[in-house]
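Q: Residue numbers (the numbering used here), protein chains in the order written: chain A, 1 to 257; chain B, 1 to 222; chain C, 1 to 222; chain D, 1 to 205; chain E, 1 to 205; chain F, 1 to 147; chain G, 1 to 50.
By construction, these hints were calculated from the structure, which means they are not laboratory data. These numbers come from a predicted model, not from an experiment. It is possible that part of the hints are untrue.
What the hints assert, rightly or not - Using 27 Å as the maximum straight-line C-alpha spacing, the simulated DSSO-like pairs for lysine-lysine come out as follows:
#1 A:Lys190 to A:Lys205
#2 F:Lys100 to A:Lys190
#3 A:Lys128 to F:Lys100
#4 F:Lys107 to A:Lys128
#5 F:Lys138 to A:Lys205
#6 F:Lys89 to A:Lys128
#7 A:Lys190 to F:Lys45
#8 F:Lys61 to A:Lys128
#9 A:Lys128 to F:Lys65
#10 F:Lys100 to F:Lys61
#11 F:Lys82 to A:Lys190
#12 D:Lys67 to D:Lys105
#13 F:Lys89 to A:Lys190
#14 F:Lys100 to A:Lys205
#15 F:Lys89 to F:Lys100
#16 F:Lys45 to F:Lys100
Residue strings, one per chain:
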Amino acid sequence: MKATTLEAHADGRGNALLRFAAPQAFFPLAGKMIPWFAALAVVFAVGGLYVSFFVAPTDFQQGESYRVIFIHVPAAWMSMFLYVVMAAWAAFGLILNTRLSGMMASAIAPTGALFTFIALWTGALWGKPTWGTWWVWDARLTSELILLFLYLGFIALTTAIDDPRRAERAGAVLAIVGVINVPIIYFSVKWWNTLHQGASVSLTKAPSMAATMLAGMFLMALAAWMYSFAAALWRVRSIILERERDALWVRERGGGA
Amino acid sequence: MLRALRSIVARDLRLSLRRRGDVLNHLVFFVIVVTLFPLGVGPEPNLMRIMAPGIVWVAALLAAMLSLQRLFASDYADGTLEQMLISAQPLGLIVVGKIVAHWLMSGLPLTLLAPVLGLQFDLPQQALGVLTLSLLIGTPVLSLIGAVGAALTLGVRGEGVLLALLVLPLYIPVLIFGAGGVAAMANGLGAGPHLSLLGAFLAISCVVAPWAACVALRVAYD
Amino acid sequence: MLRALRSIVARDLRLSLRRRGDVLNHLVFFVIVVTLFPLGVGPEPNLMRIMAPGIVWVAALLAAMLSLQRLFASDYADGTLEQMLISAQPLGLIVVGKIVAHWLMSGLPLTLLAPVLGLQFDLPQQALGVLTLSLLIGTPVLSLIGAVGAALTLGVRGEGVLLALLVLPLYIPVLIFGAGGVAAMANGLGAGPHLSLLGAFLAISCVVAPWAACVALRVAYD
Amino acid sequence: MLEARDLACERGDVRLFAGVSFALAAGELLLVQGPNGSGKTSLLRLVAGLSRPAAGDIRWTGEDIRKLRENYARELLFVGHANAVKDEFSADENLAVARELAGRKSTPLERADALERIGLAARARLPARYLSQGQKRRVALARLCLAADTPLWILDEPFAALDARALATVVALVDEHLARGGMAILTTHQEVAIATRLRHVIALD
Amino acid sequence: MLEARDLACERGDVRLFAGVSFALAAGELLLVQGPNGSGKTSLLRLVAGLSRPAAGDIRWTGEDIRKLRENYARELLFVGHANAVKDEFSADENLAVARELAGRKSTPLERADALERIGLAARARLPARYLSQGQKRRVALARLCLAADTPLWILDEPFAALDARALATVVALVDEHLARGGMAILTTHQEVAIATRLRHVIALD
Amino acid sequence: MKPRHRRLALVVAGVAALGIAAALVLNAFQSNLVFFFSPSQVAAKEAPVNRTFRLGGMVEKGSMKRLPDGLTVQFVVTDTAKTIPVQYKGILPDLFREGKGVIAQGKLELDGVFRAQEVLAKHDENYMPPEAADAIAKAQKGELPKK
Amino acid sequence: MNWGSLENFLAMGGYGLYVWGSYGVTLLCIAVELWALARRSRRAQPEQRA
Ligand code: HEM
Ligand SMILES: Nc1ncnc2c1ncn2[C@@H]1O[C@H](COP(=O)(O)OP(=O)(O)OP(=O)(O)O)[C@@H](O)[C@H]1O
Ligand SMILES: Nc1ncnc2c1ncn2[C@@H]1O[C@H](COP(=O)(O)OP(=O)(O)OP(=O)(O)O)[C@@H](O)[C@H]1O
Ligand SMILES: [Mg+2]
Ligand SMILES: [Mg+2]
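Generate the whole structure from the sequences, applying the supplied hints.
A: Quick look at the structure:
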C-alpha cells in the first residue's frame with residue numbers, strides 16, 4: 001500500500017523476514033502461532049506447577065514459603081526481558097519506519113506491565129515471611145517499581161495520543177530512554193549489597209539451587225515465555241485490525257468470514 | 001554556532017522575564033512547598049532535621065516539573081515551534097538552548113535559595129554545602145529529562161499530569177542520590193559517591209536527552 | 001436550573017474523559033508523589049507512620065492544584081469561556097457546574113484511593129477512616145478555592161506557578177486541619193474538632209468561592 | 001430594539017473611537033468597517049456585553065444590557081475571532097454544547113441538518129482537533145443554522161478561512177435571518193453581497 | 001529547483017490526495033487551490049518538511065529535503081495558519097527573533113522599515129498580546145519584507161484577516177519576490193491578482 | 001563546520017560523556033552509598049552516630065537471648081572480624097536464625113549497643129532440601145547440624 | 001513431595017497466605033488480561049457485511 005515503507009519493497013526482493021514485517025502478512029502468521037504458544041504455555045505451566053508443589057522439596061531455610069519463587073522469578077525475568085524486547089521493537093520502528101514494529105511494542109507493553117506487577121506483588125508477599133517486611137526502599141525493589149512506572153507511562157502516553165503513528169513513535173522514544181533502567185535492576189543486587197538476595201542462577205557459576213527446584217523454576221519460566229508470546233501476538237492481531245480497519249484485506253476478511 | 005545558541009537562550013530568558021515574575025514565582029512555589037511539610041507533619045525539630053534534605057529535594061523536583069510544561073507548550077500553541085523545526089539552526093541546538101534557559105530560570109535560582117531554606121531546618125554547615133552542590137549537579141538533569149517528557153506530551157491533552165507521570169519515575173534516582181548525599185553529609189559521612197553518581201546521571205542525560213527531545217519534537221509534528 | 005447545571009457538569013466530565021486517562025493520570029500522579037517521599041526522606045517505618053497523614057494530604061493538595069490549571073484555561077484559550085460569559089445560563093451556575101465536575105474528576109478519586117495508600121504507610125484502621133473522611137470534606141474546598149485562583153490567573157502568563165502561589169496559602173488551613181485530624185486519630189485522640197473545622201471551611205467556601213470566581217471571570221474579560 | 005449611544009472605547013492609552021451611536025431595528029443589518037486595528041472587534045465586544053465601554057451606553061428594548069445580563073444574552077448569538085470549538089469534541093458535540101449554553105436543546109436530527117447545510121456532514125463525528133482551519137470556522141458557524149429564534153447576531157469576520165461555497169452559505173443564512181426580522185452586526189474585510197436594503201454602515205479608522 | 005513527485009497524504013484513515021507532482025523553477029508561483037479541508041495546508045506542510053508524505057518524495061536542487069534538513073530550511077520561509085507571534089514580545093522583537101531563527105541577523109533599522117511597509121509602525125513597540133487579529137497576521141508577514149535572500153516562500157492563506165491595504169502590500173511583496181527570481185507557493189480563498197505569467201495551479205478537492 | 005565533521009564531533013562528545021559517566025559510576029561504587037555498615041566499619045567508627053543506619057552481618061551462634069521483660073531480644077552481629085551487640089523489641093522474621101544473615105535498622109547508642117527498630121533477615125541465594133543442607137554441613141564441619 | 005492431606009497442602013507450612021496470595025493474584029491478573037484480550041479482539045473484528 002505505502003510505497004515508502006520498507007516492507008512494500010520486500011516482496012520484490014524476496015526477503016521473507018521483511019515480508020513478514022508487513023502487518024498484512026504477519027496477521028495470519030501470528031494467528032497460526034498463537035495456538036502453539038498457548039498450548040505450550042499450558043503444558044509447561046501444568047508441568048511446572050506439578051514440579052513446584054509435588055516434586056520440589058521443602059527448602060532448608062525458608063520452609064514452604066520459598067514456593068513463591070516459582071512465580072516470582074519467572075515474572076521478574078519476564079518483566080525485564082519484555083521491556084528490552086519492547087524497546088528493541090520500538091527502536092527498530094523508529095529507525096526503519098516499519099509499521100509492524102510499533103504495533104509489536106504496543107502489544108508487549110501491557111503484558112510486560114502485568115509481569116512487573118506480579119513480580120512486585122509476589123516479592124512483597126514473599127518478603128513478609130522471609131525478610132520480615134513487605135517493602136523496603138532497596139535498590140532492586142525501587143528500580144523494579146520504576147520499571148512498572150515506565151510501562152505505565154508508555155501505555156498512558158500511547159493511549160493519550162490518538163494518531164497511532166505518532167503514538168507509537170512517541171512511545172518508542174520513551175521506551176528507548178527507559179532501557180537504562182534494566183541493567184540497573186539486574187545489577188542492583190551486586191552494586192548495592194542490600195536485602196534482596198544475589199543471583200541463584202547465573203551464566204558464570206553453577207546454580208546454587210537443588211535440581212528439582214531449579215527444574216520447577218525453569219518450567220514455570222518457560223510457561224511465562226510462551227504465555228507472553230501468545231498474549232502479545234493475540235494483542236498485536238487486534239491492533240493490526242484496529243489500525244488497518246479500512247484496508248482492503250481487512251474489509252474483505254469481514255465480508256468473507 | 002555558539003552565537004546561535006546564545007541567541008536562543010537569550011530569547012527564552014527574555015520571554016521568561018517578560019512574563020512578569022516567572023523566576024520569582026518558581027522560588028516562591030519552592031518556598032511554599034518546603035513550608036507546607038512542617039505544617040502537614042507537625043513541627044518536631046528532630047524530625048525536621050532528618051526530613052529536611054528529602055523535603056527540599058522533593059520541592060525542587062516539583063518546582064522544576066511544574067515549570068516544564070511551558071518549556072515547549074507555548075511555542076507549540078502559537079506556531080513558533082514549527083518555525084523552529086524548519087529553522088536554519090539545527091533543531092538540536094535549539095533544544096539545548098531551551099534546556100539551558102529553562103535551567104537558568106528554574107534550577108539555578110532554586111540552587112541558590114536552597115541553603116537558606118536548609119538553614120531554616122537547622123541543617124549543619126557542610127550539609128548545606130552538599131545540598132547546594134547536589135542541586136547544582138542535579139537540577140540540570142531535571143531540566144534535561146524534563147525536556148524529553150515535555151516534548152513527548154506536546155499537544156496531548158491531559159498534558160500536565162501525563163508529563164508528571166512520564167518524568168517523575170525518571171527523576172527518582174536523582175532524588176534518591178541528591179537527598180541521600182545531603183543526609184550522608186549531615187551524618188558525618190562523605191557525600192562523594194552520591195555526588196559522583198549524580199554527575200554520572202548528568203553526563204548520560206546530556207547525551208541522551210537532547211537527542212530524545214529532538215526526535216520527540218519531530219514526532220509531534222509528523 | 002438543575003437541568004442546566006447537570007448539562008454543564010456532564011459537558012466537563014465528558015471533556016475530561018475524552019482527554020483519555022485524565023482521571024487515571026491524577027491518581028497515578030498522586031501515587032507517585034506519595035511514593036517519592038519515602039525515597040527522599042529515607043525509609044524509617046516510625047518516621048513514615050508519623051509523616052503519613054501529612055504526605056498524603058500534601059500530595060492530594062498538589063494533585064488538586066495541578067489539575068486546576070485546566071479548569072478555565074482551555075475554555076479561555078479557545079473562546080468558549082467568552083461564550084459562557086454571554087450565555088443564557090447565569091454565570092454562577094456555570095461556575096458551580098465546572099467546580100463540581102472538577103471535584104468529581106480529581107477530589108473524589110483521590111479520596112477513594114487514599115485509604116489504600118495509607119495502608120502502605122501502616123496507618124491504624126480508624127486513622128484511615130478519618131483520612132478518607134477528611135479528604136471527603138476537604139477536597140471540595142480545594143476545588144472551590146482553586147476555582148477562584150484559576151479564574152484570577154486567567155490569561156496571565158506564568159499562570160501555573162502564579163496560580164500555585166495564590167492558592168497554596170489558602171490551602172494551608174485545609175492541610176493543617178486535614179492532616180491534623182488524621183494525626184490526632186492515629187494518636188488516639190478524637191478527630192472531631194478538626195473535621196468540624198474542615199466542615200466550616202467547606203460551608204464558607206461554598207458561599208464565597210463561586211461568587212468570587214464569577215467576579216474574577218468578568219474582570220478577566222473587561 | 002438595539003440602541004447604542006455615544007460609545008467610546010479605550011485600549012491602553014489609545015482611544016480607539018468615541019461618539020459611536022447607532023440603532024438597529026428588526027430586519028436591519030449593521031456593517032462595521034475599518035482597517036485592521038481600527039476597533040471593529042472592540043466595538044462588537046462592547047455590544048455583546050463582553051467588555052464595558054469607556055463612555056456611552058447600550059440598550060436592548062430600552063434597558064441597559066449590563067442590567068439585563070442573561071436576559072440579553074439569551075437574545076444574542078456572538079461569533080468572535082475565536083471559534084469556541086473544543087478540540088476533543090466532534091463537530092456535532094460542539095454544536096450541541098453551544099446550543100445548551102444558549103439555553104436551548106437541540107435534537108440530533110436538527111444538528112445533522114445544520115452540519116449538512118454548512119458542509120460538514122462528512123466530518124461530523126471527527127474530533128475537531130483534526131479539522132482544517134476552515135472546517136473549524138464552519139463548526140462555529142453551524143450555530144447560525146439553528147439560531148432562527150435568536151434575534152441578534154453579532155458576527156466578527158465570519159468569512160475568514162471559509163472557501164467560496166461556505167461563504168455563500170453563510171451569506172444566505174444572514175439574508176434569511178434578516179428576511180425573517182432578525183438583526184445582524186457584521187464585520188468583514190471581504191466584499192460580500194448581502195441582499196438587504198436596511199443596511200447601516202459604521203466606518204472606523 | 002523544487003520538485004515533488006507523486007506525493008500522497010493520509011490523515012487518520014482518510015487519503016487526502018495522491019499522485020501530486022509539480023516542479024517549481026526560479027520566478028515561478030504555485031497556487032494551491034481547493035475547498036476547505038481538501039488538504040492544502042497538509043500539502044504545504046509536506047513541502048516545508050514539517051511532516052512526511054505517505055508516499056512520494058520532495059527534492060530541492062536534486063536532493064531529498066529530509067536529508068538536507070537545515071540546509072533546506074535555510075532557503076525557506078513558511079507562514080502557516082498559526083502566526084508564530086509571541087504575545088509577550090513586541091512586533092519588533094518578534095521580527096528580530098524570527099530573523100534569528102532563519103539564521104540571519106537584522107538591524108533595528110531594517111526591521112523598522114519592514115514594519116513601516118506592512119503598516120505596523122504605530123504599534124511596533126506594543127506587546128503583541130494587544131494587537132488586533134489583522135495586526136498579528138501582519139507581524140507574521142513582516143518577515144516577507146526582509147526575506148529577499150530566501151528563495152522559497154510558502155504562504156498558507158497569508159491574506160486571512162488582512163484589510164484591503166495590507167492585502168495589496170503582501171501581493172506586491174510576492175510580485176517583487178517572483179520578479180527577482182524567487183519561488184512562491186500560495187493558498188488563498190480570496191481572489192487576488194499576482195502579476196506573473198509563470199504560474200502553476202494545483203487544484204485539490 | 002561541514003555536516004560530516006559536525007556529526008563526528010557529536011559522536012566524540014557523546015562517547016566522552018559516556019566515558020565520564022562510567023568513571024563516575026565506578027568511583028561511586030568504591031565507597032558506601034547506602035546507610036549499610038558491617039560490624040567492622042562500625043567498630044572503626046565509620047558509622048554515623050545518632051542516625052538510623054542499617055547494620056548487616058551474621059547472628060553469632062549462641063548469642064541470642066531474651067531479656068527479662070520477655071519481649072526484648074538481644075543478640076550479637078558479627079562479620080567474623082568484629083562484633084556488635086544488638087537489642088530489639090518486636091517480632092523477629094521467620095528466617096531469623098543464629099548463624100544466618102541479618103540486617104538490623106536502628107541507632108547505635110553511646111553504650112555501644114545497637115538499638116534496632118526493625119530486624120530483617122537476609123538470606124543467601126542457596127535453595128536446597130534440608131537433607132542436602134545437612135549433608136553439606138556434615139561434610140564441611142563434621143558436626144551435627146542444629147536443626 | 002507428599003503433603004499428606006489437603007489441609008497441609010493449603011496451609012503450606014504456615015505460609016499459606018503468602019504462597020496462595022502470590023499464586024492467586026497471578027492467576028487473577030492473567031485471567032483479567034485474557035478477558036481484556038478477548039474483548040479487544042472481539043471489538044477489533046471487522047463488522048460482517050451482508
Ligand atoms: C517487592 C519485592 C521484590 C522485588 C521487586 C523483586 C524483584 C526481583 C527481580 C527484578 C528479580 C530478577 C533479577 C535477576 O534475575 O537477577 C528478582 C529475582 C529473584 N528474587 Fe526477587 N524481588 C522481591 C522480593 C524477593 C524476595 C522477598 C525474595 C526471597 C526471599 C526474592 C527472591 C528472588 C530470587 C530467588 C530471584 C532469582 C535470582 C536469580 O537467580 O537470578 N525476591 N527479584
Ligand atoms: N494596551 C494597548 N495600548 C495601545 N493600543 C492598544 C492596546 N490594546 C489594544 N490596542 C489597539 O487597539 C486596537 C484593537 O482593535 P480591534 O481588535 O478592535 O481591531 P479590529 O478592527 O477588530 O481589527 P482587525 O481587522 O485586525 O480584526 C488595535 O489597534 C490595538 O493595537
Ligand atoms: N484523523 C483524521 N481522520 C479523518 N480526517 C482527518 C483526520 N485528520 C485530518 N483530517 C482531514 O484532513 C483534512 C486536513 O486538511 P487541511 O488542513 O490540509 O485542509 P486545507 O485544505 O488547508 O483546508 P482549509 O482551507 O480549511 O485551511 C481535513 O479535511 C480534515 O478533516
Ligand atoms: Mg477584529
Ligand atoms: Mg488550510
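Q: Confirm or reject each hint.
A: Now for the hints, and whether the structure bears them out:
1. A:Lys190 to A:Lys205: 15 Å, holds
2. F:Lys100 to A:Lys190: Given that 27 Å is the threshold and the Cα spacing comes to 19 Å, the pair holds.
3. A:Lys128 to F:Lys100: Given pair Lys128 of chain A, Lys100 of chain F holds - Cα atoms ~17 Å apart, limit 27 Å.
4. F:Lys107 to A:Lys128: Roughly 23 Å separates the two Cα atoms, so the pair holds.
5. F:Lys138 to A:Lys205: 23 Å, holds
6. F:Lys89 to A:Lys128: 18 Å, holds
7. A:Lys190 to F:Lys45: 25 Å, holds
8. F:Lys61 to A:Lys128: 24 Å, holds
9. A:Lys128 to F:Lys65: Measuring from Cα to Cα gives roughly 23 Å; hence the hint holds.
10. F:Lys100 to F:Lys61: 9 Å, holds
11. F:Lys82 to A:Lys190: Holds: Lys82 of chain F and Lys190 of chain A sit about 23 Å apart, inside 27 Å.
12. D:Lys67 to D:Lys105: 26 Å, holds
13. F:Lys89 to A:Lys190: 31 Å, violated
14. F:Lys100 to A:Lys205: Within the cut-off at roughly 22 Å; holds.
15. F:Lys89 to F:Lys100: 19 Å, holds
16. F:Lys45 to F:Lys100: Holds, at about 24 Å.
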